[in-house]
Amino acid sequence: GNEVSGENGSSIRAVIDRDKLATALAAVTAAQADGDVGWVQFQFTGNGQVVVSALSHNLSIRYSFAAEYQGQGVLKVSGKQLNEYVRQLPPEKITLTAELPQRLVVKCGRSSAKLQLVQDQTQTDVVVPQEGTSIIVKGDYLERWVNAFRDFVSTDDTRFYANGALIWADTSQGMSLQAVASDAYRLAKAQLNDGLRSEKIEDSAVLVPKKALDELRRLCAANPDADYRLRWHGERLFFAVETENYVMVSK
Numbered sequence: 113g114n115e116v117s118g119e120n121g122s123s124i125r126a127v128i129d130r131d132k133l134a135t136a137l138a139a140v141t142a143a144q145a146d147g148d149v150g151w152v153q154f155q156f157t158g159n160g161q162v163v164v165s166a167l168s169h170n171l172s173i174r175y176s177f178a179a180e181y182q183g184q185g186v187l188k189v190s191g192k193q194l195n196e197y198v199r200q201l202p203p204e205k206i207t208l209t210a211e212l213p214q215r216l217v218v219k220c221g222r223s224s225a226k227l228q229l230v231q232d233q234t235q236t237d238v239v240v241p242q243e244g245t246s247i248i249v250k251g252d253y254l255e256r257w258v259n260a261f262r263d264f265v266s267t268d269d270t271r272f273y274a275n276g277a278l279i280w281a282d283t284s285q286g287m288s289l290q291a292v293a294s295d296a297y298r299l300a301k302a303q304l305n306d307g308l309r310s311e312k313i314e315d316s317a318v319l320v321p322k323k324a325l326d327e328l329r330r331l332c333a334a335n336p337d338a339d340y341r342l343r344w345h346g347e348r349l350f351f352a353v354e355t356e357n358y359v360m361v362s363k
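Here the working numbering is used: the sequence shown runs in plain steps of one and ends on residue 363.
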């Protein structure tokens with residue numbers, strides 16, 4: 113609705129640690145539709161949380177963090193431009209001032225930049241369907257499991273339908289996560305029995321694209337002690353990962 117997207121002429125002013133902002137931008141980068149022109153959305157909802165999200169046709173990511181700010185609203189900006197600028201800044205406080213609907217002013221110490229806001233300012237939400245299989249897995253176990261098969265996932269564009277790993281839960285002998293991946297020459301099968309607990313098991317498998325697997329691996333490597341909820345549904349054709357402050361949905 114219009115009430116959240118910030119009335120024209122209104123402004124949002126936020127003060128954020130550079131490292132916090134850089135982490136948030138890195139978290140959603142994989143979901144930008146196109147590295148060069150993809151946008152990143154910031155939602156300032158007024159509860160002390162900033163929600164950063166990006167989405168492409170088959171991957172969407174949402175990441176939230178606490179920050180001080182005044183004003184409320186939603187803005188979209190070029191992910192690449194903001195990312196490149198933020199990476200060059202010293203690890204200090206950054207002030208973001210949004211002059212809706214035109215631009216975002218980024219200031220840090222003596223340096224400042226003005227970024228044009230993306231014209232399409234409709235709000236985008238990243239939502240995980242609450243259905244299908246749901247399993248909670250410890251990060252270090254999950255990373256080892258994904259590492260066992262991700263290099264076998266095909267990246268052959270002529271066979272895009274096979275560019276993923278087939279994942280399912282098996283309850284025939286205790287509870288295990290299963291994956292099969294092939295690059296047309298080799299076949300990898302990986303099984304995970306430890307570090308997981310099931311919330312809900314349904315008899316369905318889902319094909320998870322390499323991009324989502326790479327992102328999952330990056331997450332687990334960065335936070336091996338965290339718990340990750342994996343959710344999927346074979347008919348709804350989605351695979352989702354949820355952990356503290358973070359959601360990824362792959363279709």
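Watch out, some of these pointers could steer you wrong.
To be verified - Pairs of lysine-lysine residues, derived as PhoX-like cross-links and limited to a Cα-Cα distance of at most 25 Å, are as follows: (1) Lys226 / Lys322; (2) Lys205 / Lys132; (3) Lys322 / Lys363; (4) Lys219 / Lys250; (5) Lys363 / Lys226; (6) Lys363 / Lys192; (7) Lys323 / Lys192; (8) Lys301 / Lys219; (9) Lys226 / Lys250; (10) Lys323 / Lys301; (11) Lys192 / Lys250; (12) Lys205 / Lys219; (13) Lys301 / Lys192; (14) Lys301 / Lys363; (15) Lys132 / Lys219; (16) Lys205 / Lys226; (17) Lys205 / Lys250.
What the hints assert, rightly or not - Pair ranges (Cβ atoms, derived): (18) His169 / Gln214: 23 to 31 Å; (19) His169 / Arg199: 24 to 32 Å; (20) Gly221 / Met287: 51 to 59 Å; (21) Gly158 / Ala334: 27 to 35 Å; (22) Gln231 / Ser284: 30 to 38 Å; (23) Leu299 / Gln235: 25 to 33 Å; (24) Arg199 / Ser123: 19 to 27 Å; (25) Ala178 / Ala334: 17 to 25 Å.
Bear in mind the hints are in silico, worked out from the structure with no lab data behind them. Where is the CB? At the ideal position from N, CA and C, for every residue including glycine.
To see whether the hints hold, each was checked on the structure:
no., hint, result
1, Lys226 / Lys322, "violated (35 Å)"
2, Lys205 / Lys132, "holds (10 Å)"
3, Lys322 / Lys363, "holds (12 Å)"
4, Lys219 / Lys250, "violated (39 Å)"
5, Lys363 / Lys226, "violated (34 Å)"
6, Lys363 / Lys192, "holds (23 Å)"
7, Lys323 / Lys192, "holds (18 Å)"
8, Lys301 / Lys219, "violated (50 Å)"
9, Lys226 / Lys250, "violated (41 Å)"
10, Lys323 / Lys301, "holds (19 Å)"
11, Lys192 / Lys250, "violated (32 Å)"
12, Lys205 / Lys219, "holds (9 Å)"
13, Lys301 / Lys192, "violated (36 Å)"
14, Lys301 / Lys363, "holds (22 Å)"
15, Lys132 / Lys219, "holds (15 Å)"
16, Lys205 / Lys226, "holds (17 Å)"
17, Lys205 / Lys250, "violated (33 Å)"
18, His169 / Gln214: 23 to 31 Å, "holds (28 Å)"
19, His169 / Arg199: 24 to 32 Å, "holds (27 Å)"
20, Gly221 / Met287: 51 to 59 Å, "holds (53 Å)"
21, Gly158 / Ala334: 27 to 35 Å, "holds (29 Å)"
22, Gln231 / Ser284: 30 to 38 Å, "violated (53 Å)"
23, Leu299 / Gln235: 25 to 33 Å, "violated (43 Å)"
24, Arg199 / Ser123: 19 to 27 Å, "holds (25 Å)"
25, Ala178 / Ala334: 17 to 25 Å, "holds (19 Å)"
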